[in-house]
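Asker: Sequence:
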Amino acid sequence: MSPRFSTPGRPRTSSINSSRGTTMRKGDTGGEVRDLQFLLTSNGYGVDVDGVFDEADDAAVRAFQAANGMVVDGIAGPRTLNALRGYEGDEKHLTQADIEAAATALEVPAAAIHTIAEVESDGSGFLGDGRPKILFERHQLYRLLKEAGEDADALAGRYPELINPKRGGYRGGSAEWYRLTTARSISTLADQAASWGRFQIMGYHWGICGADSPAAFVAAMGESEGRHLSALVAFIDADPTLHKALKSLKWADFAKLYNGPAYKENLYDAKLAAAYKRHAGAQEVAA
Numbered sequence: 115m116s117p118r119f120s121t122p123g124r125p126r127t128s129s130i131n132s133s134r135g136t137t138m139r140k141g142d143t144g145g146e147v148r149d150l151q152f153l154l155t156s157n158g159y160g161v162d163v164d165g166v167f168d169e170a171d172d173a174a175v176r177a178f179q180a181a182n183g184m185v186v187d188g189i190a191g192p193r194t195l196n197a198l199r200g201y202e203g204d205e206k207h208l209t210q211a212d213i214e215a216a217a218t219a220l221e222v223p224a225a226a227i228h229t230i231a232e233v234e235s236d237g238s239g240f241l242g243d244g245r246p247k248i249l250f251e252r253h254q255l256y257r258l259l260k261e262a263g264e265d266a267d268a269l270a271g272r273y274p275e276l277i278n279p280k281r282g283g284y285r286g287g288s289a290e291w292y293r294l295t296t297a298r299s300i301s302t303l304a305d306q307a308a309s310w311g312r313f314q315i316m317g318y319h320w321g322i323c324g325a326d327s328p329a330a331f332v333a334a335m336g337e338s339e340g341r342h343l344s345a346l347v348a349f350i351d352a353d354p355t356l357h358k359a360l361k362s363l364k365w366a367d368f369a370k371l372y373n374g375p376a377y378k379e380n381l382y383d384a385k386l387a388a389a390y391k392r393h394a395g396a397q398e399v400a401a
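Numbering (the numbering used here), first residue to last: 115 to 401.
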């Protein structure tokens, strides 16, 4: 893993709205799945080309990922698809060894780390254009402005989509960068009001994460998923209650502490439980 951060602190109160796009997993159907199956067969994995992502496809994707030093999660995202097409990879993404090292450090199953990564950012910390995934939180910018002594209410009246005491306004994907860029023109606090990377750590935790400034934190989030993972490990390790919830796989408790009191609105705990069941089951089969 990349150099470890200090405790990143509590993330935001809602999960990132990332588009599925070319990210596929067991249960998906359609033309993109059929294309994936063609790629798998061309790489020597004998699966049916029927447009249904089933158990056999999941096993084939995991086998390919393991053979190519990737995170073994069964999710056919951009990195897996590019590798199937023969494109050369890069060092920005995590490997299975990184996941296992983090799991060992936290004394939790590797499936638990896979679970958080999948639910927080759909299994990838970067957009297709290389920028880190973000989610801009307008209610956090409102709070930060209030705490800084600014007239947050006046600004909210002028820019309600970007500064607001209520959560919302999400666009998802690369459109979140448009929101952030616009907010930057209003306040230098904007970067701190976004969550960053594969595990979606809020920018206002830059100091706790060991960065010298918000800009340094943002730069680190743009470097690699290893930096994202280091932040996650430090955060969980520093919060005994959160750590205990993860070790005991109590997803409702974990969701409340990690994602905030609004977690039920997004069925966050149910998503975590379902993702863990899938990843843990696959690891049992592999064993």
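Hint data in this document are derived by calculation from the structure and do not stem from the laboratory.
Any given hint could be a false lead.
Unchecked claim - In the DSS-like style, the derived pairs of lysine-lysine whose C-alpha atoms are separated by at most 27 Å in a straight line are:
no.: 1; residue 1: LYS358; residue 2: LYS378
no.: 2; residue 1: LYS370; residue 2: LYS391
no.: 3; residue 1: LYS358; residue 2: LYS370
no.: 4; residue 1: LYS391; residue 2: LYS361
no.: 5; residue 1: LYS361; residue 2: LYS385
no.: 6; residue 1: LYS385; residue 2: LYS364
no.: 7; residue 1: LYS280; residue 2: LYS385
no.: 8; residue 1: LYS358; residue 2: LYS391
no.: 9; residue 1: LYS140; residue 2: LYS280
no.: 10; residue 1: LYS385; residue 2: LYS370
no.: 11; residue 1: LYS260; residue 2: LYS280
no.: 12; residue 1: LYS378; residue 2: LYS206
Asker: Give a verdict on every hint.
Answerer: Now for the hints, and whether the structure bears them out:
| no. | hint | result |
| --- | --- | --- |
| 1 | LYS358 / LYS378 | holds, 20 Å |
| 2 | LYS370 / LYS391 | holds, 19 Å |
| 3 | LYS358 / LYS370 | holds, 13 Å |
| 4 | LYS391 / LYS361 | holds, 15 Å |
| 5 | LYS361 / LYS385 | holds, 17 Å |
| 6 | LYS385 / LYS364 | holds, 13 Å |
| 7 | LYS280 / LYS385 | holds, 24 Å |
| 8 | LYS358 / LYS391 | holds, 19 Å |
| 9 | LYS140 / LYS280 | violated, 35 Å |
| 10 | LYS385 / LYS370 | holds, 13 Å |
| 11 | LYS260 / LYS280 | holds, 14 Å |
| 12 | LYS378 / LYS206 | violated, 32 Å |
When each numbered hint is compared with the structure, violations occur for hints 9, 12.
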